[in-house]
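**Student:** Take a look at the letters that make up each chain.
Protein chains: 4
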Amino acid sequence: MQRIRLGMVGGGEGAFIGEVHRMASRLDDRYQLCAGALCSDANRSIRSGLKIGLSEQRCYTSYEKMIKVEQNRPDGIEVVAIVTPNHLHFKVAKKFLSAGIHVICDKPITINSDEARELIELAERARLILAVTYNYSGYPMVRQAKEMVQSGELGELRVINTHYAQDWLTEPLENSGHKQANWRVDPEKSGIGGCIGDIGTHAYHLSTFITQLRARTLCADLSSFVKGRRLDDNAHVMIRYENNVKGMIWASQVAPGNGNNLKIQIYGDKGGLVWQQEQPNELIFTPYNKPTQVLIRGSDNLSDDANNYSRIPIGHPEGYIEGFANIYKEIADAIVVSRDGQKTIYDNFLFPSGLDGLDGMKFVEAVVESNNQDSDWVSL
Amino acid sequence: MQRIRLGMVGGGEGAFIGEVHRMASRLDDRYQLCAGALCSDANRSIRSGLKIGLSEQRCYTSYEKMIKVEQNRPDGIEVVAIVTPNHLHFKVAKKFLSAGIHVICDKPITINSDEARELIELAERARLILAVTYNYSGYPMVRQAKEMVQSGELGELRVINTHYAQDWLTEPLENSGHKQANWRVDPEKSGIGGCIGDIGTHAYHLSTFITQLRARTLCADLSSFVKGRRLDDNAHVMIRYENNVKGMIWASQVAPGNGNNLKIQIYGDKGGLVWQQEQPNELIFTPYNKPTQVLIRGSDNLSDDANNYSRIPIGHPEGYIEGFANIYKEIADAIVVSRDGQKTIYDNFLFPSGLDGLDGMKFVEAVVESNNQDSDWVSL
Amino acid sequence: MQRIRLGMVGGGEGAFIGEVHRMASRLDDRYQLCAGALCSDANRSIRSGLKIGLSEQRCYTSYEKMIKVEQNRPDGIEVVAIVTPNHLHFKVAKKFLSAGIHVICDKPITINSDEARELIELAERARLILAVTYNYSGYPMVRQAKEMVQSGELGELRVINTHYAQDWLTEPLENSGHKQANWRVDPEKSGIGGCIGDIGTHAYHLSTFITQLRARTLCADLSSFVKGRRLDDNAHVMIRYENNVKGMIWASQVAPGNGNNLKIQIYGDKGGLVWQQEQPNELIFTPYNKPTQVLIRGSDNLSDDANNYSRIPIGHPEGYIEGFANIYKEIADAIVVSRDGQKTIYDNFLFPSGLDGLDGMKFVEAVVESNNQDSDWVSL
Amino acid sequence: MQRIRLGMVGGGEGAFIGEVHRMASRLDDRYQLCAGALCSDANRSIRSGLKIGLSEQRCYTSYEKMIKVEQNRPDGIEVVAIVTPNHLHFKVAKKFLSAGIHVICDKPITINSDEARELIELAERARLILAVTYNYSGYPMVRQAKEMVQSGELGELRVINTHYAQDWLTEPLENSGHKQANWRVDPEKSGIGGCIGDIGTHAYHLSTFITQLRARTLCADLSSFVKGRRLDDNAHVMIRYENNVKGMIWASQVAPGNGNNLKIQIYGDKGGLVWQQEQPNELIFTPYNKPTQVLIRGSDNLSDDANNYSRIPIGHPEGYIEGFANIYKEIADAIVVSRDGQKTIYDNFLFPSGLDGLDGMKFVEAVVESNNQDSDWVSL
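Chains as they are written, first to last, in the numbering used here: chain A, 4 to 383; chain B, 4 to 383; chain C, 4 to 383; chain D, 4 to 383.
For the record, the hints were derived by calculation from the structure and aren't laboratory data.
One copy or two, either will do: identical chains are not told apart, so a pair holds if it fits within one copy or between any two.
Straight-line C-alpha distance at most 20 Å; calculated SDA-like pairs for lysine to any residue:
no.	residue 1	residue 2
1	Lys54	Gln5
2	Lys54	Asn311
3	Lys266	Val277
4	Lys230	Tyr291
5	Lys273	Ala184
6	Lys54	Asp336
7	Lys182	Ser302
8	Lys273	Ile287
9	Lys273	Val297
10	Lys266	Ile287
11	Lys230	Glu245
12	Lys54	Val340
13	Lys293	Glu156
14	Lys273	Gly231
15	Lys266	Gln279
16	Lys192	Ser179
17	Lys273	Ser179
18	Lys182	Asn46
All chains, full assembly: derive it from the sequences and hints.
**Tutor:** Here it is as structure tokens:
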């Protein structure tokens, strides 16, 4: 099968998530990275491209130039991965979609919901794929959890508690020139949400992905514990989901001892599920009044979704890159389907799309609004 | 050393917590259980007393009779343990205090804060001990946590997240004659709080015990998931503690897979601590940017508080009964001090007193009020 | 019910295991400690006895005197707990059995198998109970494991791997006057086994208790890693159990990071079990090709043996003292049965008896013999 | 940088480890897979090659043909990955080395040590790389462990206990046509070792890699628990390493509940280390008499080796494929160094070479010999 021709915007020297996208695209050999505009600085952009093995003529000094050239090459890119800081997502994605090129956008899709809606409509009209890398939904055991909830193994849902805690912003790194910290705490580059946008949206997406329930209203309390920090670095949120399900999200980047501690607990009247990103190959399931079971990736009797997105046998741990690669793999399937100009039926796929991106934006906006209104309940 | 003469009200046949109090009192051989009014029914009360080895003449048919007789015996009881359903705590405690007998009361101290205040004043005037068994504060590693927070090992505190989850009320047990379930979901016997009173107060007390911070305001969302249940069985609470510390409490009795899952996470600008009741011998400590440490009960270099309330070497697990017994042990020390009629200086001891009981009442009242006001912030 | 009158030999000031026996005897209120000869030094013996609340006249200066007096009191002790260093077990036990008093002996029962056999015969003839506190068999989840193995849930057994690792003898503590270390590394006081006798026998007993299989032959490699230490501080043993079951025991007191890490893994053709003493409330069970289950003390559907020796609900951890107390509780039942002079039918009880003590001796002797013969296979 | 041209022998339809090698080679984009002889059957070989994207002309019907063609192409392969069943490793590797092509061979390198020696000499003479994929040594935290042991953080070593347990051969899968099971239990295809060769050698290599100590003598007890199985499916081995270090290896493929449970514990007079393959991002370190530390991949203050072979931040789990890819990455570095005909200095690299392969063979041969001699100590 012919590899999908992929371009990338962002992800040059010193970046983190760009290399993750590249590894994810390579793992299953479904893509060939052909072109890139990796940095805003022209020289660094070229240098970064050469370093990762792009041919010189397809290392572009700007994404606009990249579009212009690539859309006229017979072997031009079919899809672009956008891995820039948040505030650029919208205008870059818009240009690529307008040029007829599928878009894989890192989260958050944009920095507000109006922009997200605009991109969704644009992709819809152009029959193009607009994917957003809420990558944690790519883990096989998350897909197993989704399948179990949907098939009723927990009964009627009651409680969804999710947290996402890190500790790397415990001190004011942004004051000492730390590149990753810098833009994340800058409202111009990140939007109105700090940690709630950076990681809180992952937590929220995970909860909606597994349960297929969306928040109706929420009530939030944000903090910026580090002196002088302009965006939140800790968020407490109470949520009322659809169907009278109650929940909480705690997101923090100032919680020492937490590397990347994303955890979800889901309870219904027939059972409970717990999944933790740092032990992603396990899913803990307790049918009410029966022994707790440890379900493990790669074992028999898991759902098709879990098995299809698993590569190696039980006990051989898969991790973050593999989960991320599952999103890429499924997008590849969708691109193949759409090669004849067919519109992508998102419902046939589980990868997060622009609609999930929009939900994330609405979540962040509601959280900030609630916080500004002394934690009143705010509808999404 | 002469054993302290102990009486008990409640804790007869079919009860759970009474036997825990008795084991706790026996473990360190500081008490002798001499008298009891164990059931409201006179016959069962006698039968229950004989069964646990009380002499016949000190098995009483009512607590009033017990007071009358015991206060006139030269070897009458010095202290009474009150382990009845919640609604009786107040009137029983009041009578014993009025008769000059120290009181150890199971939590919650009363069913509202006015009653709690009355008992506190009564004990104060009579120079008697009024202890409340928030027993989780008796675990050695909880005391270690307290010591570490107080000595600044976490730096300036920022976040306190606590949860207490159980699953035994997932189904409407109260409809099938389950004694423990019955009174817990009955407002007449439990007061205005269901799970928030039964276990949420334990979580709240734990957070205040370790950090020595009290909630200033809170905002709560209560649920009664089981149809027909008159009190809450799930509570989400956002808290603003003193000193700008933020927190959350989640309490639930409908979370399958949770036996008695009390857990606290505390974060400051220099480090984090995690403790879980189901693995009580461990305390997880992460100094910021250093490796996480597993502190274990019985090891060297723990604080005096932790070591003094530890009985056996590292790796030999102590559990719930031992933690409970630590409360009893310390109350024994306090009773000895007060034998000459001295007033107990609570600050010299760590066991929870009437003031902690009152805090618990205020917490429950604030949670219920906030919930009734659409989750407005309510001051304590 | 009348409490059983208990005496104690050993366990005075500075001792460890004596206080454990006392707490274990108190927990369920089945015993009353009435008499003691707690130290070899007469003065310290009296002082120690008074300190723990014995009446002055029953604090004896020697165990011989204690026997003489107690056997002539109408309320003399019915049973004695022997908690001296190992080398004294035999002669003390022999005297008490000869005087018609039941014996609870700390392990190892003696320092060689001939002595063990002599005690067994003596007890047999006198229709007295001779119990040995291999206390780990008292944990409810160990009893659950036994029940599951016996009822065939693992199928035909194949492999039993057990280890017991500690770290407290990593350095030559015995050279700095550490009382517990001193006698344990002294062949005169401990017998021919160092760590293999002190903790290896616990591991071996645990394996035989759960599986009801005894070792047929074994092959061992002992080490004394600490310079100048006269007894082994590390033991590797390969075992061939009955029924063609293979196994290993590793015992070590020089393994930093191990507090009291006793762990057993049992595998059959239908499933596997894992139990760890440091998390004693859990038993991990995997039926072949099905999800691993976490069985928890206090939950429904456990065996009667597990439930009968459990005191508090699921999630409220019980520990070492509770497990030890289960041995005492069951011995109390046996003593009650034997009060009319009936011979104790050990098969009706699970507490370890002299026969288990003898097995332990044979195990240690075989290990040392194999080690001395360049790890040849040695029969037990 | 130009990608290294890679060929593959074995790894066609239905194979497992071939795809792992391919993913490992792709992850860091250092290789381009150009040619393959993937199956012994000519048609399936072509079909398999096309399926994974090889050009038709470089899908070969036999490895001999592949060598002949590739060595004459200007863009012929530089290195071949051999992923056939064990018994073919030797003759395939010999041919490629003879043709001047580097070899990456799956373990075990051959089926006896004479063959291993021959390959090593051949590679040596030809100045070619001969690598063996003992992939577990590629995990960053294994490299951290090696660094810590070598720098003396454990002090003088005393005990090395390693186990590798699986459960997938609990039942006679080989009788029902299971391809992976079939050849593993067939002495013609696997050599004299069953589970001891398949996984026991991984455990042994891991122990030597981290400690840089080799076994001097060992003493083994093998079992074939499944009726009719011709090779061992369970092995207990006692080992005396160099420097008076004692150890054990337990390997089993009939231990229900064990997916791929490779675990090593190393103890010295100053500390202990524990690492488990199923939680590969953690390394547990206890300096004697200090709190246990949890070292985590991606955190600061780890060794260069650990950090250089880590791709993503702390808390974002890396797994088996990433560890395997580290071996490939380092081999790529070595190939680049050797491109000018220089001999590879293995000491500059950590990837396992033919010498490690030979050690594995000697280990298996000694285990089988000891077992055949009633578990006598056998020198390696």
